[in-house]
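A.B. asks: Chains as they are written, first to last, in UniProt numbering: chain A, 1 to 253; chain B, 1 to 253; chain C, 1 to 253; chain D, 1 to 253.
Everything labelled a hint here was simulated from the structure, so no lab data went into it. Glycine is no exception: its CB is placed at the ideal position from the N, C-alpha and C atoms.
Straight line, CA to CA, 30 angstroms or less: simulated DSS-like cross-link-like pairs of lysine-lysine:
1) K111/A with K111/B
2) K107/C with K107/D
3) K107/A with K111/B
4) K111/A with K107/B
5) K107/B with K107/A
6) K111/D with K111/C
7) K107/D with K111/C
8) K111/D with K107/C
Sample of chain A residues lacking proximity to chain B, with all beta carbon distances greater than 12 angstroms (derived):
9) M1
10) N10
11) L17
12) L143
13) A145
14) M146
15) G148
16) Q157
17) G166
18) A168
19) E169
20) I207
21) T215
22) R217
23) T230
24) E240
Which stretches of chain B does chain D cover? Using the computed rule of at least three CB atoms under 8 angstroms from a CB of chain D, they are:
25) 32-41
26) 49-63
Number of protein chains: 4
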Amino acid sequence: MDALVCAPNNSLVRQSLHACEGKTATNGDGFGLAWYGDREEPGLFRDLRPAWSDENLRSLCGQVRSPLFFAHVRAATNTATTRANCHPFVCGRYAFMHNGQIGSYRKVRRKLEALLPDELFDQRAGTTDSELLFLLVLARMELGAMPGAAVGWVMHQTKRLMLEAGIAEAVRFTAILTDGQTVWAFRTSCDGHSPGLYLRERPGATIIASEPLDTLRDAWSMIANNSVTTVRRGLGAVTEPLVIDGHSWPVAA
Amino acid sequence: MDALVCAPNNSLVRQSLHACEGKTATNGDGFGLAWYGDREEPGLFRDLRPAWSDENLRSLCGQVRSPLFFAHVRAATNTATTRANCHPFVCGRYAFMHNGQIGSYRKVRRKLEALLPDELFDQRAGTTDSELLFLLVLARMELGAMPGAAVGWVMHQTKRLMLEAGIAEAVRFTAILTDGQTVWAFRTSCDGHSPGLYLRERPGATIIASEPLDTLRDAWSMIANNSVTTVRRGLGAVTEPLVIDGHSWPVAA
Amino acid sequence: MDALVCAPNNSLVRQSLHACEGKTATNGDGFGLAWYGDREEPGLFRDLRPAWSDENLRSLCGQVRSPLFFAHVRAATNTATTRANCHPFVCGRYAFMHNGQIGSYRKVRRKLEALLPDELFDQRAGTTDSELLFLLVLARMELGAMPGAAVGWVMHQTKRLMLEAGIAEAVRFTAILTDGQTVWAFRTSCDGHSPGLYLRERPGATIIASEPLDTLRDAWSMIANNSVTTVRRGLGAVTEPLVIDGHSWPVAA
Amino acid sequence: MDALVCAPNNSLVRQSLHACEGKTATNGDGFGLAWYGDREEPGLFRDLRPAWSDENLRSLCGQVRSPLFFAHVRAATNTATTRANCHPFVCGRYAFMHNGQIGSYRKVRRKLEALLPDELFDQRAGTTDSELLFLLVLARMELGAMPGAAVGWVMHQTKRLMLEAGIAEAVRFTAILTDGQTVWAFRTSCDGHSPGLYLRERPGATIIASEPLDTLRDAWSMIANNSVTTVRRGLGAVTEPLVIDGHSWPVAA
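Just need the whole structure built from these sequences, with the hints factored in.
C.D. replies: And the structure:
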């Protein structure tokens, strides 16, 4: 994994200290790695330390080969610096990570958690909006929704509860989800300011990242706002619009 | 503080490695310290490390004088090892710590959390039953209940929800609460097996501990089961029965 | 790896909380894992937390397959609880771990460190006697000594410096070393009280452990005191006496 | 202490995330606090986490009053992120912290450590050049040197060993030392590029900091290069030149 996580010019480890595009330049509030191996469920390795100083992360990336993995560095936004609040989040064979946030999250957290079925509520280990959005999406998928439709439903419910609570701030959701076989990349927000998400397709490999990992800017394309991109093993990436409550975002608040 | 936390024969630091009476001999899943100084709100220092190896704890205890402080070493029971799950818990000027547990807590956690008012729900930083019981007691006190009555109400509600969920295991509650002026020590359980709590009154000092801190066994008296002991500054300790839903525990399940 | 580290009846994770045979029952001062994969140098994963509460350790063991790995739980003996002081230690393609200690280590540490060549002194990351003994053995091997002879030389020098410093306590050395291909297990001490080391040979696997990992006591044989056992891939274990300065230990102090 | 550590416009906690003047903008590799209370020896509180996310630091600063304390945030330069490598360093009643570094430190570390007497070598808990310089200064003071002369001697020896090792890089030493009564602030370097150090004298308080803590730029004066500033309780700060081997630095390399 270190060919992608540690080695590139603008690697994730480097981004922990100096991200170029993110809202926050320093992402020192922990990191995480989820990777798929021989089992259906992914491995998960998360720690509180800044990624730039963690020898375990470097050693693990140097040893493990994986056909599919997620890596993340965190800049906390008002929730605690704990392992359970670090991305990626894992539930069964699913892994998920998220950039963005629910504006004034504390005011709607409780009502959003109330939408979780008991089994998924029990899986909640941390306190972030990101983990909550992940579990809500899974809850909708368990009822039969496709990932894009599930995200659309969750965004709609989130915005509805935010409006009910008088929150004028936006919900922004740039995220990746996988079941270990297929990857879905989402980029949406009610105000049109979704954090960036870049795609690079190489022979034999597809890379999705919040910033290009190298200086070949032309090789990276920005994933469109309000869309879901599906990457199946051995097939190219397919991007479709994301439909939220019958409308495309941004909506007038 | 180290005259009590680090120095005695059976100090808390020593108990982290070899507790004599507790259900668990090793209490290595973090520790915590809450102390009152010049401000109304207490200081709080908690960490994940075993207390026996933490230099910060030793140094802090060696420097700080406090007329009233709580110290705790934790053995986790099915909840994560995080700072936010370490005792004591602090909310405003209140501090609290707890030995015991809610049997099959996961099955009633959600229903118990639903009893919290929004403001106190927002104060919930961790995932333990202990923190939840603390906030429920505070919620009842905010409605005007005295601490003993508040604990009685919370025990009654907890047992009621446990029975509704078909839980045969017990709820056990040996705990200390303070507002910075008065200390209330509780010892109750629905099956009569409350973890121990000892009291020692010396001229100018009252000590409450889960095990005697020294070998003067006669100087320590066990606090009675199903009681609340109130210690006011400069006054002796007063013990009264704890009334739970009109009855004293143990009750027939 | 979890078939050996986490799953057995008396697994290493369990031993972190309740070791049966060791000098210390609780081994909560960190843990470590070194494993060989596709590269010549091993992966290394060490953390300060007690092994029993570390989700990363469990997840990693659940994912990684390795034909050769070392795992260790630590009970600190007078040196700091840091990652760099956790076993195994890795240097180049070598990995090493150790039970035992140099009596009154502080009094001879400096003189022992002076025996290290500059390159290996630069590899010293922590402060333990164990890492120092590892590097001294490597230093001797770089001069052409076989592992058994290198250990013999290091034990002799250590005892000599201890005697010069007036130290009556013993040096005890139960240790395992590997270069990724061959494993050498050592058990020696100047007073005959070497910590235990057990061997189990199964078809296709050789296990060396400080305590039997399961209840099949007969399947495990204690490695003899003052010996070195060599395990080559695909070949059985061969035990030979360890010669220290022309004599076998124990020696009269 | 939080009036100085947490509250100001450009507080140390803020500098951990965005320092203005330092060589490194992010100082997220741990922090430390040494403070004097009722005892002769200071309290010491250090942790690995970035200062910006540590609740313990905030709580401690909110409770403790101290007439004299040191606080530091660290950006590691090639030595491990451990508590023992975080500033301040404490030895007996002395506390010390340092900005700057010994160029190509690894090449002279061993020779510099050889200058330490045994008792101070035993006090060495970490691996940084900063702690080593501190102990070397104390060693010289134990032989009767005044702090300024001790620093001069240590700088001279350091530069000498660097030259012998063929190191062209500089040694830079901006540091503060105290015995709990008097504070000495040093600023020197062989190339004239000493990290900055600012002094503010207010009625009843003297503040020394690597950056002004507030926007009153005129109230802060830069301590001169190649000088030692002595602050005695109740007396003003006195600055004198620092003499290194009969010369003032910068010297021709």
